[in-house]
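Taken in sequence, the protein lines are chains C and V. When we follow our numbering, the leftmost residue of the first sequence carries the number 99, and every step to the right adds one. When we follow our numbering, the leftmost residue of the second sequence carries the number 4, and every step to the right adds one.
Please keep in mind that the hints were generated in silico from the structure rather than gathered at the bench. Check before you lean on any hint, since a few could be wrong.
Said to hold, decoys possible - In silico SDA-like cross-links for lysine to any residue, where the CA-CA straight-line distance does not exceed 20 Å:
#1 C/K138 to V/K60
#2 C/K136 to V/K107
#3 C/K120 to C/S148
#4 V/K71 to V/S55
#5 C/K136 to V/I104
#6 V/K60 to C/Q198
#7 C/K117 to C/T210
Said to hold, decoys possible - From chain C, some residues computed to sit far from chain V (all C-beta separations above 12 Å):
#8 V110
#9 M111
#10 M113
#11 T114
#12 S118
#13 K120
#14 P159
#15 S163
#16 C166
#17 P167
#18 N168
#19 S169
#20 H175
#21 G196
#22 A197
#23 V211
Note that the Cβ used here is the ideal one computed from N, Cα and C, for glycine as well.
Given next are the chains, with one letter for each unit.
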Amino acid sequence: DTEVTQTPKHLVMGMTNKKSLKCEQHMGHRAMYWYKQKAKKPPELMFVYSYEKLSINESVPSRFSPECPNSSLLNLHLHALQPEDSALYLCASSQGQGAQNTIYFGEGSWLTVV
Amino acid sequence: GENVEQHPSTLSVQEGDSAVIKCTYSDSASNYFPWYKQELGKRPQLIIDIRSNVGEKKDQRIAVTLNKTAKHFSLHITETQPEDSAVYFCASKQGSQGNLIFGKGTKLSVKP
Chain C
99 DTEVTQTPKH LVMGMTNKKS LKCEQHMGHR AMYWYKQKAK KPPELMFVYS
149 YEKLSINESV PSRFSPECPN SSLLNLHLHA LQPEDSALYL CASSQGQGAQ
199 NTIYFGEGSW LTVV
Chain V
4 GENVEQHPST LSVQEGDSAV IKCTYSDSAS NYFPWYKQEL GKRPQLIIDI
54 RSNVGEKKDQ RIAVTLNKTA KHFSLHITET QPEDSAVYFC ASKQGSQGNL
104 IFGKGTKLSV KP
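Input sequences plus hints: build the corresponding full structure.
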């Protein structure tokens with residue numbers, strides 16, 4: 099089973115709202131990722147968690163705040179977003195962070211900021 | 004840092020023909036090269052991958068080749084079918100950091 103589950107699938111939020119995206123995996127993977135994908139572009143890495151600790155933050159604005167409550171869950175808290183933040187947000191996981199570990203993507207959360 | 008170039012950006016083939024997509028990478032420390040297929044409105048789905056200790060890998064109609072010396076790798080799809088139509092992304096990954104660096108994608112259209 100290579101299932102990474104994301105909720106919600108679609109989210110529309112205003113620029114003053116606070117919302118969260120959620121991600122869950124039960125594969126025992128110890129690395130979890132957030133990617134952002136704009137239309138017709140490849141996914142761009144935002145954050146990496148390894149063993150529940152933030153490993154990489156790719157200079158993401160503070161209006162995006164990741165959280166890893168436990169080894170199976172990954173959240174992305176959203177606050178004061180801009181319309182240009184509208185995109186597909188993909189969660190992913192892998193056994194570990196090393197290069198030999200395959201990365202599996204969730205279905206994504208489509209975010210629209212109005 | 005690593006840079007991955009992918010060509011062509013669009014590819015149109017007739018059903019039954021073969022399709023080849025090529026990628027080059029810049030960092031000789033990269034040692035894992037996956038290929039993802041993304042259909043419209045869906046997630047990237049891993050279709051095949053290759054590690055740097057292997058030169059070629061095949062899975063039914065899909066094959067990937069890796070030339071470490073030239074720093075390029077290619078995806079080969081034989082006997083293409085309309086359901087192969089999608090955007091294909093190559094990527095590279097290195098060492099302990101494990102960040103996937105993606106190419107810009109190739110939109111493959113298979114005409115019936």
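Tell me, which hint numbers fail for this structure? 1, 21, 22
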